[in-house]
Every structure is written in C-alpha cells, then in structure tokens.
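Make a model of the complete structure from these sequences and hints.
For the sequence shown, position 292 matches number 292 in UniProt numbering, and the numbering has no gaps at all.
Just so you know, these hints were derived from the structure itself, not from any lab. Note that the structure is predicted; figures quoted are calculated from it, not measured. Where is the CB? At the ideal position from N, CA and C, for every residue including glycine.
Here are the in silico distance ranges between beta carbons for each label pair:
hint: 1; residue 1: Asp292; residue 2: Ala236; range: 31 to 39 Å
hint: 2; residue 1: Glu314; residue 2: Lys2; range: 26 to 34 Å
hint: 3; residue 1: Ser115; residue 2: Ser192; range: 19 to 27 Å
hint: 4; residue 1: Ala236; residue 2: Gly118; range: 43 to 51 Å
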Amino acid sequence: MKPTMADVSRHSGLSIWTVSQVLNGKSGVSERSRVAVQEAAAHLGYVVNSAARDLKRNRRSGISVITASTENSYYVDLVQGVHAELRGSTYTAMVSDIASKGHYSQEIEDQTIESVLGARPAGLITTLPLSKKNLDLLERWEVLVVFVDSPPPEGANRAASVTTDNLKASGDLGDHLGLHGYRNWVSVMYPSRWPTRAPRVKGLQDAARRNGASLTVLDAGNDMTSAADALSEYLASGSRPDAIIAGNNPLLRGVMGALATHSLHAPQDLGLVSFDEFAWAPLTTPTMTLIDEGAARIGRQAAALLLDLIERRESSNEAIAVTDIYKPHDQIVMPAKLTIRESCGCHT
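Okay, structure coming up:
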C-alpha cells in the first residue's frame, strides 16, 4: 500500500499538522521536528502530491518543455540549460519529445498538448511552433509560452521567444566554405516543419551567390537514415560536390555514413561542415567544423524568460489576459558562433 501522511505522522511521532507543515514547506516547525518528518517520509517512501497541493493553493509549480527529437544533441543540451536555470527555484521541468527520432505528426502534437494541459503547468517552453488549435488551447488554459528554436507564429505580436540568428550563422558558414575555394555545395536538410530550415537555406544561398558557388539542397527527414539515403542517391548519380553542409547532427551522422559507403573522406575529398555543436565534435576524425548555437545557454535564457513572465503574472494586482503579459522585448535573438576545426579543410 502507498504510505499516507498519517503513516508519516505515526512513524515520526509527530502530529498531522506538523507533518503537513514540513511536507508543504511551511514555517512554524522546529528544525528537530522538520528532520524527523523528512526522515520518516524518506523511510516510508512517502511522496507529496504536488498537483493536489498546487490546486489547493491555486498555484502551479510545473514547467513543461517540448523538444523535437532528443536524438539531436541540441535539444539535450537545451534541456540541461533549462534544468540549470530552474535549479534553486520552486519550479521543476517536465520534458516531452514531440518528434521522437525526428518523426513528427499532428496526432502526437495533439496528444502532447493534452498531456501538458492535464499537468496544469505554469508555463511551456516549446521548440516547435505548434498548431493554431493547440496555441488557442494553451491560451485558454492560461499557460504562458516561450518559443525556442522557432519564432512565434506569424502575426503573434504578443509572444515570447528565444531564437538564433540562423540567417547570419549560415551566411558565415557559407562564406567560410567560399574562402576554401569550394564552389559546388550540397546541403542535406530536414523538413520545413522545423522553421530553422528556411533561414539556414537562405543564408547559404546568399553566401553561395557572394562566393560564385552553386548550392543544391537535398530534402531529408530529420533523422540519420533518411539523410544517408538522400546523399547516397545523389552521389550514386555521379555528382561530386566539393563541400557538404549537414542541417544538424543527426543528419551529419547520416552524411558521414553515406560518405564512408562511397569511399569519400573529409577533408581530403571534400569539405564537411554542419549546424549544431555536439559534445564529441572535437573528437571526431576529422574534428568537425560547425555552427555552435550555444543550446545550453539558450535553454537557460528561455527558462529565465519564462520565470520572469510567471513573476509578472503573479505580481499583477489584477487579473489580466495571458497575451497582455508579453512585451516586445520578450522576443530575444541570440548570436551563434562558427567553430572552425578540421573537417572543412582548415588545419587547427
């Protein structure tokens, strides 16, 4: 049987009132009693029903985070940043993956939002734009939203976001390829459902024009296998690019597999670069040149912004609509950094 507060009371020898005060983080209890209650609860395996407690207090202590494929190190690092920022606060993060292994569906999005709303979170950090229906639901249930890695929906002037300047970042990456003299570029890209694709492709196209290069964009899913298939089919046709750009690190793994299958090696046969830093990029052979968005830093910024929004709502003296809490400065654009290693042809 599951232990109850009454069990903790009997085990500690203290009153239900004292146990309740301790387990709900309230004052008015001696340190000796507090320790006794905590030890009794730990021994019995008693866990506070935080959802019921929040409901009673008319307060929400959970924050939901929606990622779009935890196979991508970007999202793993982002979530670590969120957790780091929330540490020491009264809020905890609950993470859901809306596109496991890079496969998105509207049905999964709907189920995820239903689950999020069922937990009654104080706010949501989402890495995909979400459908209008689900955004309307979140607003109706007064859930504050911070968009990460994707801009707010078109026309949403009252919204909060932390995004990367992908246009400039991809332009910097393309210009670096141009410095190497590469003129035939191929980019393996994920679907447009991920809104970072459009500015990344445009930045590369602009850089290609500046450097007198051609750019071919190969459509793939957001996973290693489809990336390998797309590039293998292109190479099997006899085409030989002198530079390849992977849209993110799952696609990079597929690209590297396809190159190995066709006995092509970077940087001897071509330049190879990618978006999104990952922990083992300095350990690959060759070490990987890529765009580093600083995902953990973005996660911290998004969590800090959401906590600020929650504080604004709680400190307001009157009931206001969720959309009235957002301010123009809540749409933050972060710079990214080109990290140069060996795969592009540089000697570091």
